[in-house]
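If you read the sequences in order, they're chains A and B. What the first sequence shows, in full-length UniProt numbering, is residues 1 to 747, in sequence order. What the second sequence shows, in full-length UniProt numbering, is residues 1 to 471, in sequence order.
Misleading hints may appear alongside valid ones.
[To be verified] With a straight-line cut-off of 27 Å between C-alpha atoms, the simulated DSSO-like cross-links for lysine-lysine are:
no.	chain 1	residue 1	chain 2	residue 2
1	A	Lys399	B	Lys345
2	B	Lys295	A	Lys239
3	A	Lys395	B	Lys290
4	B	Lys345	A	Lys367
5	B	Lys345	A	Lys147
6	A	Lys197	B	Lys345
7	B	Lys345	A	Lys244
8	B	Lys288	A	Lys390
9	B	Lys288	A	Lys30
10	A	Lys214	B	Lys288
11	A	Lys398	B	Lys288
Just so you know, these hints were derived from the structure itself, not from any lab. Note that this is a predicted model, so its numbers are computed, not measured.
The lines below spell out each chain.
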Amino acid sequence: MASVRLLLTRRCCTALKTTTARTHVSYEVKDNVAVVRINDPTSKVNTLSRHMQAEMVEVMNEIWGNAAVKSAVLISRKPGCFIAGADINMIQACKTAEEVTSLSQEGQKIFDQVEKSPIPIVAAINGSCLGGGLEFAIACQYRIATKSKKTILGTPEVMLGLLPGAGGTQRLPKMVGLPAAFDMMLTGKNIRPDKAKKMGLVHQLVDPLGPGLKSPEERTIEYLEEVAVDFAKGLAGRKVTVEKKKGLVQKIQDFVMGLPPVRKQIYKTVHSKVMKQSKGLYPAPLKIIECIQTGIEKGNAAGYLTESQNFGKLAMTSESRALIGLYHGQVTCKKNHFGKPERDVKKLAVLGAGLMGAGIAQVTIDKGVATILKDTTEEGLARGHQQVYKGLNDKTKKKSLTTFERDGIMSLLSGQLDYRDFENADMVIEAVFEDLSIKHKVVKEVEAVIPPHCIFATNTSALPIKDIAAASKRPEKVIGMHYFSPVDKMQLLEIITTNKTSKDTTASAVAVGLKQGKVIIVVGDGPGFYTTRCLAPMLAEAVRALQEGVGPKKLDSLTTGFGFPVGAATLADEVGIDVAAHVAEDLGKAFGTRFGGGNVEVLKMMVQKGFKGRKSGKGCYVYGAKSKEKKVNSGAEDILKSFKLTAPPAVSADEDIQYRLVSRFVNEAVLCLQEGILPDPVQGDIGAVFGLGFPPCLGGPFRFVDSHGADKLVQKMKRFEEAYGNQFTPCQLLLDHAKDSSKRFHK
Amino acid sequence: MASMLLTSLRSSPLTSVQAAQFAARSLGTSVHLQAQAKSKKTLAKPGVKNIVLVDGVRTPFLQSGTIYADLMPHDLARAALQGLLNRTGLPKDAVDYIVYGTVIQEVKTSNVAREAALGAGFSDKTPAHTVTMACISSNQAMTTAVGLIAAGQCDAVVAGGVEFMSDVPIRHSRRMRKTMLSLNKAKTLGARLSLLGSIRLAHLAPELPAVAEFSTAETMGHSADRLAAAFGVSRLEQDEFALRSHTLAKKAQDSGLLSDVISFKVPGKDIVSKDNGIRPSTMEQMAKLKPAFIKPHGTVTAANSSFLTDGASAVLIMSEEKALAMGYKPKAYLRDFVYVSQDPKDQLLLGPTYATPKVLEKSGLTLNDIDVFEFHEAFAGQIMANLKAMESDWFAQTYMGRKTKVGAPPMEKFNSWGGSLSLGHPFAATGCRLVTTVAHRLQKEGGQYGLVAACAAGGQGHAMVIEAYPQ
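Please put together the full structure from these sequences, using the hints given.
Right under this line is the structure:
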């Protein structure tokens, strides 16, 4: 029966072929090996779009129908990409869960045919092999991957609030074992070729080649194909076997995993771990567990069905939409919308070797740009230098860098106390102390030594750029570049332009940021710009909650329970209580009572007592103890007691406290859009999530307003406004959205 | 100005004067000189000293772990030096300086040049130093000698190289070394005991040296396999070239052409007078071998790679006047030479490709002017890759910044007495073998110009032009 159907589809496909030429998938038969090459001509990466799938099915049917073909090789013609995954737009275009489920089932069916292929198929992987691409590869009989730095394998669906919906949840556990499969699918992490080989995800590795008679990229793909064709022949001639001899450890592991109580315990442990980490805010990981469990305990049919149904359900969740929105936003924010700058920045100078300065230097030299790191004291310079070295050395320990590459990168760093060589700098980023008079002094000193084309960027978190630019002879060359700490880990860069900043200056700053690997938002000037301005009212509210007797631990659990990766009290410690105090005071002056709430004196008193946060060992918590359990700083508690406020019972339920914190954040974000500080909601969402840890499952403040409902939010705020006053007055734009539910920030 | 003139003269071979001179010379002097017009009659430069190779010798090259196994590196070096003295009849105090190359150092004799010279009975008034530059160490020793003579500092210099792979320094782990060094300084029994107590089993694991790049941690064979793949060199081509090398070496050995080899009475063993790595095999047998580095799909095998070898070589280099004054009949002039370096990861073994056009340009010759080619054969795949690179305009333009390819040497002039694949490759001794072989081949085959080229670890390379001494 099945064969008849196959035959029928094949016939109709040949009919199709005569009418349309294939554009995405082509093949040729070499020595009885069909080499199937994929290449989406419309994109930089291959995705499993409807078009790609249709052509693939057509080609596979032709191959299966050709008796001369004894084996096949599947390879991409794109140098950096095998298949990067399913086409997200295809999933997003679906209106119902059923539609998505049927998409999943189509995928399952194709890969099922691939798995049951009468001839061996070798997946030859070079570049990203992710999501649906990996599911395709693991349905093949054999996998060969290049050891290129671009080659990564993984199932990142969970990061989009989805699950591997084309058989991944069923095949992976059988291939790499239950624990590794859970790890892959629940974290979505990228797996490098060496690891993939060890895990049993690929069978063979191929070294990338250097220059020969063709470019390295081109020749490496050719070589991969040659090797894959050899293996395909070997498989067809049964000279190569797929099954590897299992070692003792593997045998024991298999035996243990064969025991139902052990598996049950694993499911339980994984479930509770997921609940602990996700606070139950993310449905995808739980569904993934369910799919794997069903497949193993109830068999294939049930497993595949659960997978496709759960895939459909997940695609319709607000969490998935939010995460996909962030993905698209991130792609947008990784482009330079200001054109190509007139000059490339070939030499960068960073002023101040503190945490930020050294961090900026590290991410700059890391990308091959010569960088001067200047400080005023030898101690400061040595500390900064050590920070950069440690940052790179840690990478060598993780084997993502060799020690030689580390040394080569370090050689681009010039630590110095004077302005030597600044005459060759194309950009200066100052990261000195946040004090306007010091910044002015620096501007003048630097402008005396830099060439005319050199851009002066300031890494301030709150001082208006125009105030700093006031000291400049060339305000068109002055721009704000607000990095987030730790610079080498935080992806966001907030670029701030004044009305005098030239477009080329902006283009250049964005180009540097992109080179440093940052996700970039470009916002207008004003106190606190966008990110700091959103964070400040939330922290003020956090201080008020603390004063009202909500302990730091409770406050942390409330915020993380809402989806923030870091609790508010911990965040304050990380940012630094002194910085928080400084910002609160500055912005308080600029914006008045709207930024009130908690008493700034609380923070000042803490600073006075030396409780500056993590860096000083004490803040809301005490640090440095060996135990993982953080202890609340009793000194800080005493201060809070002396500033004690009475909590109004009407707005002090747990949920109220959460919404008090979040609504102030969100209202300020919307106000930034209203005032034109923010150019669009996309950058607002990206800035909030990547810079401030706004809950990713909510997709950012703007998507949150859309999904939560502006009217509901406004209602809550009105209630808080009654108790506390104008800190909770919704801004006009938010009111507009509340009034008219058809208004949405995201289409 | 003068030099510009010279260059323009050099690069225009068709000037009538030269052509006439050449015609006269080829008519008048040489009967067996190949009837091919040279770009230049000679590479002698006005105002520049002629430097000559008086003679060169080497110990038999033996597979490591065989008859030399119980020696030390300086013993081998001594044998080569004594052999040179015997061969040339050189008075021991006539040497101004000795330069020796070595790669894997025996730490007890880190200046192996001095230890060997003293042991070989050279005057203790003759200074000696050791150089290292991977597989082109003895090339470096020779060019150092050339430099000393050209600068007028010396007239007669002995250069050479030694490699002893039968014994290599295997070290304690760094942790263990640290503990042992601290132990030396520990004053009290308690301190010593606590240090001893800190030793863990893992610290006892020794560190073995590998023929691997320090910068990339890639073994050379692995890199060679990748290089062969990059240039699309097949396993078959490599096996064929390896077989050619062994066959030619065997032929040369049998017909007594390898006259640079001296006999060496190894203490406690027999007299050794032949290389023992020459093993012409069959293609079928070679095809049976599994890849040695990239498994299972690589192409470099034990049979198409050079093997670990013990051996030493030495040459006597003099200014022409000194040699003639001492009554020697030199074998060849050592002319222009270059060192090159490139990416140690992906172009580790492409030294000859980079060095050849550069040294030809420097000397004003073309590939056609060269009668004798001696390239160091690290791996058959490496040689084939270099030949393909030299034949590629695209490679020359894209990676070497040259307008056109230099061209690959014709095989009938190439390594026709065998090479490192078959004769063996004691790293630091190979350079002198190449130069001496060129001199001997020029004499035997009647050519005028010879070219030596070699690759070396670190992504470096070397080439030298050698001119036959008129017979």
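Unsatisfied constraints (hint numbers, rising): 3, 7, 8, 10, 11
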